[in-house]
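Engineer: Chain by chain, the residues:
There are 2 protein chains.
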Amino acid sequence: MKIVETPDSAYAHINGWRCEGFKVGLVPTMGALHAGHLSLVERSRSECDYTAVSIFVNPTQFGPHEDFSKYPRTLEDDLRQLSNLDVDLVFAPQNTSLYPDGFSCFVGTPKVAQPLEGIHRHDHFAGVTTIVLKLMNIMPANVAYFGMKDYQQLAVIRRMVEDLNVPIQVAGCPTVRESDGLAMSSRNRYLSPEGRQKALCLSKALNFAADAIASGQTAVSEIEASMQKLLVENGADSIDYARIVDPDWLTDISTITGPVVALIAAHVEKTRLIDNRVIELEN
Amino acid sequence: MKIVETPDSAYAHINGWRCEGFKVGLVPTMGALHAGHLSLVERSRSECDYTAVSIFVNPTQFGPHEDFSKYPRTLEDDLRQLSNLDVDLVFAPQNTSLYPDGFSCFVGTPKVAQPLEGIHRHDHFAGVTTIVLKLMNIMPANVAYFGMKDYQQLAVIRRMVEDLNVPIQVAGCPTVRESDGLAMSSRNRYLSPEGRQKALCLSKALNFAADAIASGQTAVSEIEASMQKLLVENGADSIDYARIVDPDWLTDISTITGPVVALIAAHVEKTRLIDNRVIELEN
Chain A
1 MKIVETPDSA
11 YAHINGWRCE
21 GFKVGLVPTM
31 GALHAGHLSL
41 VERSRSECDY
51 TAVSIFVNPT
61 QFGPHEDFSK
71 YPRTLEDDLR
81 QLSNLDVDLV
91 FAPQNTSLYP
101 DGFSCFVGTP
111 KVAQPLEGIH
121 RHDHFAGVTT
131 IVLKLMNIMP
141 ANVAYFGMKD
151 YQQLAVIRRM
161 VEDLNVPIQV
171 AGCPTVRESD
181 GLAMSSRNRY
191 LSPEGRQKAL
201 CLSKALNFAA
211 DAIASGQTAV
221 SEIEASMQKL
231 LVENGADSID
241 YARIVDPDWL
251 TDISTITGPV
261 VALIAAHVEK
271 TRLIDNRVIE
281 LEN
Chain B
1 MKIVETPDSA
11 YAHINGWRCE
21 GFKVGLVPTM
31 GALHAGHLSL
41 VERSRSECDY
51 TAVSIFVNPT
61 QFGPHEDFSK
71 YPRTLEDDLR
81 QLSNLDVDLV
91 FAPQNTSLYP
101 DGFSCFVGTP
111 KVAQPLEGIH
121 RHDHFAGVTT
131 IVLKLMNIMP
141 ANVAYFGMKD
151 YQQLAVIRRM
161 VEDLNVPIQV
171 AGCPTVRESD
181 GLAMSSRNRY
191 LSPEGRQKAL
201 CLSKALNFAA
211 DAIASGQTAV
221 SEIEASMQKL
231 LVENGADSID
241 YARIVDPDWL
251 TDISTITGPV
261 VALIAAHVEK
271 TRLIDNRVIE
281 LEN
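First to last, the protein sequences are chains A and B.
Heads up: the first sequence begins at 1 in the working numbering, then just goes up one per residue.
Heads up: the second sequence begins at 1 in the working numbering, then just goes up one per residue.
One or more hints might be untrue.
Identical copies go unnamed one by one, so any copy, or any two together, can satisfy a pair.
As the list claims (entries may be wrong) - List of simulated lysine to aspartate or glutamate pairs, EDC-like, C-alpha gap at most 20 Å:
#, residue 1, residue 2
1, Lys111, Asp123
2, Lys111, Asp101
3, Lys270, Glu233
4, Lys70, Glu162
5, Lys229, Glu20
6, Lys204, Asp150
7, Lys270, Glu222
8, Lys229, Asp101
9, Lys23, Glu269
10, Lys204, Asp77
11, Lys2, Glu233
12, Lys111, Glu42
Hints in this document: simulated from the structure, not taken from any laboratory.
Everything numeric in this text was worked out from a predicted model, so none of it was measured.
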């Protein structure tokens, strides 16, 4: 497994593989790898000739009062896990090589970035589109793999790639969960044992929404109100949103008539957690 | 000469040449080709194995009261000229294939976009960075050629390419002038015969600045005041700016101590003209 620190070196390796006609998969991560990340790597390994992973805690996607400085950094352990999965290349750059002095050109965001996270984490998605486009240029793979746990992020990246004609295929991969339903997240390690139990309120509320829709409820505002109640009763200290929206554009809907996505962002203890569930109408 | 209309077709041709190991040059244009554009094509022809030209009047870089609708469109004549120069591929897309319904993700601008044109043509450079990045993705050449007549645009594109790690080399090519000094521009054809004479005020003012600096003047504000006077006396109806600034960052300077660039934007009749001259200190 090659470990490279500079953009030029990462580009040379991956462009070299591409020129030889091989299919290359890219898995962009912020490290602190868990089974969710590893499922992306395994998907890439099964579909591509070469798999490259980036590990970079991207400062521009964190707000001024968010957890950039305390975000878990576990590089040695990450590299060991990736090596065990026969990853071909890891790009683990320094901040200054991706954001040198004088850096000032960000990528903007598509409209789908505006609701939900866009309201609660201002400028977050501009940091995401910027780093993802940079990584796609530095690591010009055929396919880039992203987890569906960050549902809106995936939608934002899909639109960015389409609007800016980035020549890469974007693949979304299912959320990996603990056996009790908690979505895997690097931030779960912030939780106390008690908070870890309370954190189940997110998946419980999403399952409630799916059951309500399966049982024929169609009034979105009523289901959302029940989700909020369920979150608070089961351990959420505050709720940023608990919404049911259009699965492609994340726009408001009032009545269920087709597939939707339910999305939640809530604070448990001092940790902000997100989760979502796509809900299809059964026939 | 291949003429293609769709992004997919342009990408397939150029990526194909790249994969075969050939060097490809890209010349992005808005058509209405003149000797300035053709000099870019000739430079690419001399340096690259294949030369691709795009012709697209990019709506997003025009302001609401600017000349998008009347901008000259001379596709048949453009294609004839490019064919005569043995260009390999022309990409001439429709608006809707580059900006389909739902398009919403623009590229931002680097800091060097803020002064001068950035003040007088709000949002202009966001349109430029967006279309240039799109074209660089659709036409993944080794080198992209731009004219130095649009000096600030070239600086903006250089920073965008560097900040976003776009894997392409940016080449700036000298401004081509008429025999009397007028910089070639597709907008020169808006001028009446009388306006065509008045338009020489720009190159005259730039030459004055170069002479003043060569003769030892160092006070930027005094030279700028003289440039403005000279512009008005020689036919400019109004002046957006007539400035002497740092050649790399286009930031203000007060005293000449090294190389500078003088830049002018002025209206002659109803036509907005720009021109510039890099001025080195003689030893």
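Engineer: Give a verdict on every hint.
Structural biologist: Right, here's what the structure says about each hint:
Taking the closest pair of Cα atoms, Lys111 and Asp123 come within 20 Å of each other both inside a single copy (13 Å) and across two copies (18 Å). In this assembly of identical chains, Lys111 and Asp101 lie within 20 Å of each other by CA distance solely across copies; the values are 12 Å between and 30 Å within a copy. Proximity of Lys270 to Glu233 under the C-alpha cut-off of 20 Å is restricted to the intra-copy arrangement: shortest distance 17 Å within a copy versus 68 Å between copies. For the homomeric pair Lys70 and Glu162, neither the shortest alpha-carbon distance inside one copy (34 Å) nor that between copies (30 Å) is at most 20 Å.
Proximity of Lys229 and Glu20 under a CA criterion of 20 Å is satisfied in neither setting, with 56 Å inside one chain copy and 61 Å between copies. Taking CA atoms no more than 20 Å apart as the test, Lys204 paired with Asp150 passes inside one copy only; the shortest distance there is 18 Å, against 58 Å between copies. Within a single copy, Lys270 and Glu222 get their C-alpha atoms no closer than 28 Å, and across copies no closer than 60 Å, so neither meets the 20 Å cut-off. Proximity of Lys229 and Asp101 under a CA criterion of 20 Å is satisfied in neither setting, with 48 Å inside one chain copy and 39 Å between copies.
Taking identical chains as interchangeable, the C-alpha atoms of Lys23 and Glu269 are never at most 20 Å apart, the minima being 44 Å within one chain and 57 Å between chains. Within a single copy, Lys204 and Asp77 get their C-alpha atoms no closer than 31 Å, and across copies no closer than 66 Å, so neither meets the 20 Å cut-off. Proximity of Lys2 to Glu233 under the C-alpha cut-off of 20 Å is found in neither arrangement, the shortest distances being 49 Å within a copy and 66 Å between copies. For the identical chains of this complex, Lys111 and Glu42 are neighbours neither inside a copy (32 Å) nor across copies (41 Å), given an alpha-carbon limit of 20 Å.
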